[in-house]
Every structure is written in structure tokens, then in C-alpha cells.
Amino acid sequence: MRVSNSLKMIALEIWLPILIVVVWWFASANSTSLYFPPLQAILESFAENWLDPQEAIQNLAPSLLLLGSGYLLALVGGVVLGTLFGIVTPIEHATRPVLETLRAVPGVALLPIFIVLFGIDAQMKILLIAFGSFWPIFLNTIDGVRAVEPLLLDVSRVFRVGRARRLFRIVLPSAGPQIFAGARTALAIALIIMVVAETVGGSGGIGYFLLDAQRNFAITAMWGAILALGILGYVLNIFFRIIERRVLRWHRLQQARLETAK
Amino acid sequence: MTNIGTRTSPQPTVDDSIALEARRLGHSYGDRDVLGSIDFIVPRGEFVCIVGPSGVGKTTLLRCLSGLQVSSRGSVLVKGQPVKEPARGVAVVFQDYSRSLMPWASVLHNVTLPLRANGVRRAAAETTARAALAQVALADNVADLYPWQLSGGMQQRVAIARALAYNPQVLLMDEPFASVDAQTRADLEDLMRKLQRDLDLTVLLVTHDIDESVYLSDRVIALSGSPAGVADIVEVPLGAERDQIGTKSLPEFAAIRARVHGLIRHTAAPTELA
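Same order as they appear, the protein sequences are chains Y and R.
Just so we're aligned: the first sequence equals residues 63 to 324 in my numbering.
Just so we're aligned: the second sequence equals residues 2 to 275 in my numbering.
These are calculated hints, taken from the structure and not from any lab test.
The C-beta atom is built at its ideal place from N, Cα and C for all residues, glycine as well.
One thing to keep in mind: the hints can contain errors.
Partner residues are not named here, just some residues of chain R that face chain Y (Cβ under 8 Å, in silico) [as the list claims (entries may be wrong)]: (1) Leu69; (2) Arg89; (3) Ala92; (4) Val93; (5) Phe95; (6) Arg100; (7) Ser101; (8) Pro104; (9) Trp105; (10) Asn119; (11) Tyr147; (12) Trp149.
Take the sequences, apply the hints, and build the full model.
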């Protein structure tokens, strides 16, 4: 029962990708179009640039470094400031309109300003990624922290639980599901900003590779890079899900229980 | 604001026989008086119930007694010390177990939280917590489960274990059995009576259920009126050994029950009956 269920789930998840690949493969097999090369050629280029360890490291490492640093900054900044704003409600009330405006500005739209302010080096790109992906984490953390069960705060007062323990044992775990939801959105944003930011300057990475391929009419390599980008996003999401499943184990199990109780 | 020097009553003598005392306790939300002027003592080692109709202000009273709420007037003394914030010697079991336990922490960690927060080392805290879980008759393997994986009655046992592990001088309980089914309720009532005697606890339990208040306690504090006042304090000389069917069918039980019922029903004029 269980095995056949999970097989069903896997089948459900992969039938469409397989279908797309098959259709794409045969439809493009004899293509002579410069812009739509045969899938076979794209896959060969993909293997050459993204599966060969040396090439892969050279092309991916700069991207992952930018993404990792920027995202980590956003995560730490978002959770720390979000917690502060969530606990000290007057700050939050006073700054909400400004924050909502700032969050509404797409991160990539700030690229020109960031170039003027911080140059075109990795530092600027990290800051841009951090800024863009900061908002969903920050705002979700505020909401999560404010939604902590009041009765649990009473319990913590009755038993004289200190500030630090209350924060780490009650407030943050309670906000966990919301924080993770924000962090997931932020990851997608970080990936987009990373690609766009890499098209500036010559530091390498997927974004630079894409732009370079397009400029040199290496359309096959460009398609290969897009494929690599898609797979990178997918793999990052899987990693994210694994961490989330571990950290929010209680929440997943509890939700599942509530579902079955319905 | 202190009242040193303006105090007219004699210096508070630390009377060991009194665990908790309310002195002319009153509370208002805005200009709405909820609690009038409430006086009572809870002797050490006694089981005392506060009973009153829904909406009379029982929860407000309990919040003031626990130090969660600073009362507008009068004072609460725990072991002779005025309570301005939750005091070390007071533990509370709330009505809503599903919200008062942390869903992300195991049963064990829910019970160790107050201990860890008060400087007990992990190993010692876990030993105490396991002992407390055993006292409320929860099996050993329950410790590693999440609270929401347990039935309602078992969750409330966890909340009781958490309070016991804290080793309080006074255990306050706010309608602790109002959210469980009748059979579980009876079991939990008997558990509390047994714990109170075995561990020589001082318990102050708030309920709207007259039967429950009489069955559980050594004395019943009947609240009535608006703002709420103490209609009367009724002794319950039903002995230490009680059981759900036998005790409740005693004529004495019926008499006390009727008396308490009369007290809280005449909400308009509590003083006439006092």
C-alpha cells in the first residue's frame, strides 16, 4: 500500500518532465534553426559545461557563493530584525508603510542604484541578493512572532521563563512555519537576482555564462545554461525541503494529523 | 508605589500555615468593576475551590492571584509576600491544555521548561520531569511524544506534571477539567485528590461546576454578584477518602451542594446570605 502509493507519487511527479523531454527531443531532432537547436545538441553542451566537474565548478562556484552569501545575510538579517520588530510592536506600526513600499520594489530594479553605490563587484551582488530576498523573511518573521499563542506567553510568565529562553524555546519555534514560508519565497527571489546581477561585470557564474553565450551566438550553450539554471533551482528547493522537513517535523506531523481528523 | 508607612494593618507576620491570601482584592477593566473586595485565605496543604457562575470574574481573579494581572485594588500574598508578578512558589494549570503546551516540544521538554528556566541542569530536570509524569500516571514512553499526539485528558495530565515538577507552594488551576469528557473528568478529579494528599499540595481550583467544587475540596469559596464578591466560604467535611459515586450520593454532599448552589444563585444580594 505504502510502496505503491509512493510509486504513484513519483510517477505523478515525473510523467510531465519525461513527456516534455520526449516531445522536445523528437520535435527538435532535425531542427536547423539557429535559435532552436536539437535537444541532443543542447544536452551535449549541458554535459560539457555543467556535468564535467572542472567546468561545473568554474561555472557554478561563483554563482553559489553569491547566492549563499546573499541569502544567508537575508536570512540572518530577516529573522533578527523581524523578531525585533515583531516583539516591539510600536516600531512595527511606525514603519509598516515604509516597509511595505520598500518590499514592493522588485530587487532587480535596484540594480542600477546598487551599481552606483557599491560598484560592480561581488560585494554589490551579494548585497543586492540580500536586500531583495530579505523582505519575505523579515515580514513573515514579524507576523510569525506576533502570532505566538498568548496563553503560552502566560505560561512562560507563570513559570518565570527568562527572556532568552522564551525567545528561543517559545517565540521562534512558534514562528518557525511562517519563517520557513518566507525563506522559501526568498530563495526563489535570490536565485532571480543572482542571475541578473551576474550579467553585470565579468565575475563568471551562470548569469555571466548566459549573457556571454547569447552575445557570442552560442545559442546551444545558452539553452544548456538555462537548463542548468532550472535544475539548480529544483535542487535548491529539494535541499530546502529536506531542511524544512527536519526542523518543522512537529508541524508537518501535526498538520497531517489535522488533515486526517477532518 | 509602596505603602510602607501608610500601612494600617499590623506588619505581615510570615504565617507558615497560610499559603495564599487575598486581601480586599478588587479589579476593574476601565470603569467596569469585575471584582469587588475579595478576602480569603488558602491554608497550606488544603484543597480549596473557588466556584461561581460563568462570567462572574473567576478567570480575572485567578490571573490576579497568579500575578499575571496586577489587581486594581488590594493585594495577594503568597507566603506573606505581596505578589506583583508571577511568584516562584505559584504554578498554574490552565483550562486549554492544547494551547498551554508547546506543540513543537516533546512532552518531556514541555515539563522540563519551567525547571530549566529556573536554573535546574538538564539531567536533573529530566529526572524530575519523568518522576512528575509518573505521578500523573503517564507511561514512560509518553515523554518522547508530542503533546498533541495524546488524548485531551493525557495532555492535561502533562500540564499537571509540568506544574508538579515546578514544586509549587500553591497550585492554581483554572477550570482545568472543563474541556474533557465526563469520564476523563472524573479520572482527573480523582487524580488531583490523590496527588493533593500524597504530595501534601496546596491547591486552589477555580470551577463553575458546583459538584466538582464540593467533591474536590476541603472548602468552597462561593463567588457571586457583580462586581464579584465572596458570598460565603463553605467547609466541606467529607473526609479524605472520597469516591465519585459513594461520596456524591451522601446526604451531606447533597446538603453542601445545595448550600453552595443557593449562594451563587442569589447573585444580586450575596451579603444577605453571608
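Against the structure, the hints come out as follows:
1. Leu69: Hint on Leu69(R): holds, closest Cβ of chain Y at ~6 Å, below 8 Å.
2. Arg89: holds, 6 Å
3. Ala92: At 7 Å from the nearest chain Y Cβ, Ala92(R) passes the 8 Å test, so the hint holds.
4. Val93: holds, 5 Å
5. Phe95: Nearest chain Y Cβ about 6 Å off; hint holds.
6. Arg100: holds, 4 Å
7. Ser101: holds, 5 Å
8. Pro104: At 6 Å from the nearest chain Y Cβ, Pro104(R) passes the 8 Å test, so the hint holds.
9. Trp105: holds, 4 Å
10. Asn119: holds, 6 Å
11. Tyr147: Holds, because the Cβ-Cβ distance from Tyr147(R) to chain Y comes to roughly 6 Å (cut-off 8 Å).
12. Trp149: holds, 6 Å
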